[in-house]
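Protein chains: 2
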Amino acid sequence: MPGALDGIRVIDMTQMISGPVAARILGDQGADVIKVESPGVGDLVRVMGSRDGFSATFATSNRNKRSIVLDMKTGDGLTWMKKLIETADVFIQNFRPGAAERMGLGEEALRAIKPDLVYVSISGFGESGPYAHKRVYDPVVQALSGLTSIQADRDTGRPRMMRLIVPDKLTALTAAQAITAALLAKERTGKGQHIRLAMLDATVAFHWPEGMATHTWVGAGAKRKQAQLAQDLVFETADGYITCGAVSDSEWQGLCRALDMPEWLEDPRYQTPAGRMLHAPERLTATQEVLIGQASQYWLDKLDAEDVPSAPVLDRDTLLDHPQVLENEIVVESEHPVGGSMRQARPPERFSETPSSLRRPAPVLGEHTDEVLAELGATTSEIDRLRGGGILG
Amino acid sequence: MPGALDGIRVIDMTQMISGPVAARILGDQGADVIKVESPGVGDLVRVMGSRDGFSATFATSNRNKRSIVLDMKTGDGLTWMKKLIETADVFIQNFRPGAAERMGLGEEALRAIKPDLVYVSISGFGESGPYAHKRVYDPVVQALSGLTSIQADRDTGRPRMMRLIVPDKLTALTAAQAITAALLAKERTGKGQHIRLAMLDATVAFHWPEGMATHTWVGAGAKRKQAQLAQDLVFETADGYITCGAVSDSEWQGLCRALDMPEWLEDPRYQTPAGRMLHAPERLTATQEVLIGQASQYWLDKLDAEDVPSAPVLDRDTLLDHPQVLENEIVVESEHPVGGSMRQARPPERFSETPSSLRRPAPVLGEHTDEVLAELGATTSEIDRLRGGGILG
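Residue numbers (my numbering), protein chains in the order written: chain S, 1 to 393; chain D, 394 to 786.
By construction, these hints were calculated from the structure, which means they are not laboratory data. Among the hints, a few may not be true.
Said to hold, decoys possible - Calculated cross-link-like contacts (lysine to aspartate or glutamate; reagent style DMTMM-like; alpha-carbon spacing at most 20 Å):
1. D:584 - S:353
2. D:584 - S:6
3. D:584 - S:187
4. S:191 - D:746
5. D:475 - D:764
6. D:507 - S:353
7. S:191 - D:399
8. S:114 - D:746
To be verified - Here are the simulated distance ranges between beta carbons:
9. S:280 - D:506: 42 to 48 Å
10. D:662 - S:315: 27 to 33 Å
11. D:399 - S:280: 40 to 46 Å
12. D:509 - S:282: 38 to 44 Å
13. D:480 - S:262: 47 to 53 Å
14. S:341 - D:509: 37 to 43 Å
Since we're looking at a predicted model, the values are computed, not measured. Glycine is no exception: its CB is placed at the ideal position from the N, C-alpha and C atoms.
Between the sequences and the hints, there should be enough to build the whole structure, so can you do that?
And the structure:
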């Protein structure tokens with residue numbers, strides 16, 4: 001069965017993570033994604049953290065795409081890019097504001113060729129304002145959005161980063177959803193449009209519900225001291241680490257039974273979810289004091305028997321072999337023509353009728369240049385001429 | 394102008410965060426989202442962290458929805474739920490596996506009423522396997538997915554949580570995108586389907602590209618020691634904290650100039666992006682030693698002049714007043730009928746033709762029960778009868 005986005009063509013002129021992962025999600029769902037790169041190294045992620053020119057991160061962020069190289073600084077390069085745009089539903093770029101226009105690939109220029117195009121601009125900070133001109137990487141957005149402050153060390157107050165590129169990838173998910181919504185609107189109205197998305201905006205919107213809960217109500221009735229939802233619920237046991245937690249009354253009662261602490265059931269501070277939230281510090285300290293007394297599996301069995309949410313803390317090795325990870329078939333192995341045997345996570349959503357799939361390994365730079373140009377009507381001699389001129393890398 | 398999902402009706406029978414935020418994203422884009430809750434407290438997030446029955450997190454996770462109360466344990470409640478399903482495009486539930494079926498709201502039962510329904514099941518761990526029966530909260534998925542291990546303290550090795558409910562909310566984004574893709578497929582084929590999404594699967598897929606880069610290539614050629622993309626790039630200055638970083642050669646050269654360290658330009662370890670990644674620990678230590686010598690603004694000005702990605706570390710108070718946050722109009726103020734004046738982040742994506750909007754404040758429990766039942770054809774006396782029976786709370 002074809003994927004949900006079968007028949008949709010996406011031109012991915014993005015680099016790094018936010019744009020490439022957004023386009024890959026669409027590719028996982030069946031879109032024909034063509035990644036356009038410049039002659040030279042191409043997308044920098046191809047080599048970042050790699051010793052032989054093909055990074056693991058590139059491989060998993062750019063599967064289900066074809067790669068073509070076009071030198072957009074030449075008239076011929078731009079001409080063939082525009083022939084490609086004529087066949088496309090979506091064009092995604094994440095240059096700094098103004099750069100696409102200077103290259104001749106602004107919205108106006110492309111809409112003249114393809115009136116119903118969904119044109120997508122992903123930026124770091126937006127298209128105007130004091131940061132608009134700045135280069136962006138994920139850590140910059142983590143600092144500016146408040147994420148590093150939310151993650152600050154509880155003892156020293158030193159801001160900390162999330163050790164994943166969370167802003168880049170939540171921007172990718174946000175972009176993929178917005179693009180899909182625009183494709184649905186286009187299907188219903190016949191009209192394309194321009195989607196603008198800043199990583200800063202996506203990150204603040206993402207963390208707001210609990211991250212800014214203390215800053216949501218304003219004015220006289222403001223409750224700035226509201227507890228934050230996200231606690232550090234890692235507990236040390238006699239032989240490792242586990243997590244466990246209770247929100248509802250029944251879960252709390254189960255936790256008290258599992259930990260053999262019936263006196264907590266009578267404690268006036270802990271009678272309601274709101275009370276337990278308010279008194280989280282002393283509650284978590286007391287929980288830690290009990291859990292250190294026995295091994296992880298002892299507690300996990302007792303907590304599970306009482307229906308209390310709990311899990312072992314897995315590292316990246318034990319993750320691969322965990323029975324639930326195996327049951328869900330999360331990790332798939334395949335052969336990459338350059339990198340060799342590889343593991344990756346399958347697309348997480350399971351469609352009953354339009355399954356997402358891993359159809360193509362991430363391409364080497366320019367792997368499909370000839371194929372795509374031929375589809376656009378270029379003859380062999382034309383392709384040879386372009387290659388001779390350095391336009392195809 | 395109406396939103397991209399104008400005319401789509403979503404029945405949101407979810408609680409906590411993953412499902413409610415997914416449905417809210419669709420509501421932000423114009424869908425008519427009807428949140429169905431049981432008599433009593435309703436969604437637990439309504440009261441979590443709140444002292445007066447309306448939490449900030451609920452307010453921002455459930456805007457753009459209507460709320461109805463139906464007791465699904467009664468025949469009348471189920472009957473009216475099914476009348477509602479007849480009018481819907483999407484039904485989302487995040488009960489534990491099997492619970493929706495036991496309530497009479499399994500896929501088969503609902504598809505008999507509405508053949509082209511997009512039926513969405515969000516679970517913690519999947520529908521089978523050793524964890525399928527378990528209750529889930531965000532920390533449990535953080536531990537089981539490896540996130541807490543990725544976030545581990547570099548000095549002590551103690552696993553740490555990300556202090557946002559990252560798995561819940563990336564699952565929400567993943568679900569919203571998949572639902573939108575299924576709506577597009579339905580628009581084109583006329584067919585509905587069942588989307589299944591586990592938080593565990595969504596989280597592993599999210600962190601994999603850089604989080605599992607060391608575990609991607611397998612076998613003889615495996616490069617397990619590959620550096621990880623995400624460093625903790627928070628640096629202390631003479632008066633606070635900033636972030637800065639350089640990936641490309643030109644950015645690295647700019648950083649060396651801004652920090653007045655021309656000797657780094659000659660250092661053989663730092664000549665290529667791959668080399669700088671490989672030698673990150675000593676490079677970051679040396680960078681910290683320089684940056685501590687001057688105040689934040691001194692460095693930010695010099696870094697910006699050299700076009701090096703950089704930013705101050707903002708906390709949640711300074712975030713609200715930062716010029717770029719103001720320029721982007723990220724934060725909007727509005728009045729909530731119960732909570733009073735509130736701030737929240739607007740939907741981050743900007744559609745040129747189908748703008749997302751904040752149309753409705755998050756509803757109080759059952760605020761729209763009568764309105765929705767009347768739309769379904771219930772008479773006033775029928776509604777009175779249902780209310781008298783306790784079915785509407």
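We went through each hint and held it up to the structure:
1. Restraint check for residue 584 (chain D) and residue 353 (chain S): the C-alpha separation of about 8 Å stays at or below 20 Å, so the hint holds.
2. Note on residue 584 (chain D) and residue 6 (chain S): the hinted pairing holds, with a Cα-Cα distance of about 14 Å set against a maximum of 20 Å.
3. This hinted pair checks out: residue 584 (chain D) and residue 187 (chain S) have alpha carbons roughly 15 Å apart, not beyond 20 Å.
4. Proximity of residue 191 (chain S) to residue 746 (chain D) is assessed by CA-CA distance (about 8 Å); at most 20 Å being required, the pair is judged to hold.
5. A hinted pair counts as satisfied when its Cα atoms are at most 20 Å apart, and residue 475 (chain D) with residue 764 (chain D) qualifies at roughly 16 Å.
6. Distance restraint check for residue 507 (chain D) and residue 353 (chain S): the Cα-Cα separation of roughly 16 Å lies within the 20 Å cut-off, and the hinted pair is therefore satisfied.
7. Straight-line distance between C-alpha atoms of residue 191 (chain S) and residue 399 (chain D) comes to about 14 Å, which keeps the hinted pair within the 20 Å bound.
8. Taking the CA atoms of residue 114 (chain S) and residue 746 (chain D), the gap is near 16 Å; set against the 20 Å cutoff, the hint holds.
9. For the hinted restraint 42 to 48 Å between residue 280 (chain S) and residue 506 (chain D), the CB-CB distance of approximately 43 Å keeps it satisfied.
10. About 29 Å separates the C-beta atoms of residue 662 (chain D) and residue 315 (chain S), a value consistent with the hinted range of 27 to 33 Å.
11. Separated by about 42 Å at the C-beta atoms, residue 399 (chain D) and residue 280 (chain S) satisfy the suggested range of 40 to 46 Å.
12. The beta-carbon spacing between residue 509 (chain D) and residue 282 (chain S), approximately 53 Å, falls outside the hinted interval of 38 to 44 Å.
13. At about 49 Å, the CB distance of residue 480 (chain D) to residue 262 (chain S) agrees with the hint of 47 to 53 Å.
14. For residue 341 (chain S) and residue 509 (chain D), the Cβ-Cβ distance of about 42 Å falls inside the hinted range of 37 to 43 Å, so the restraint holds.
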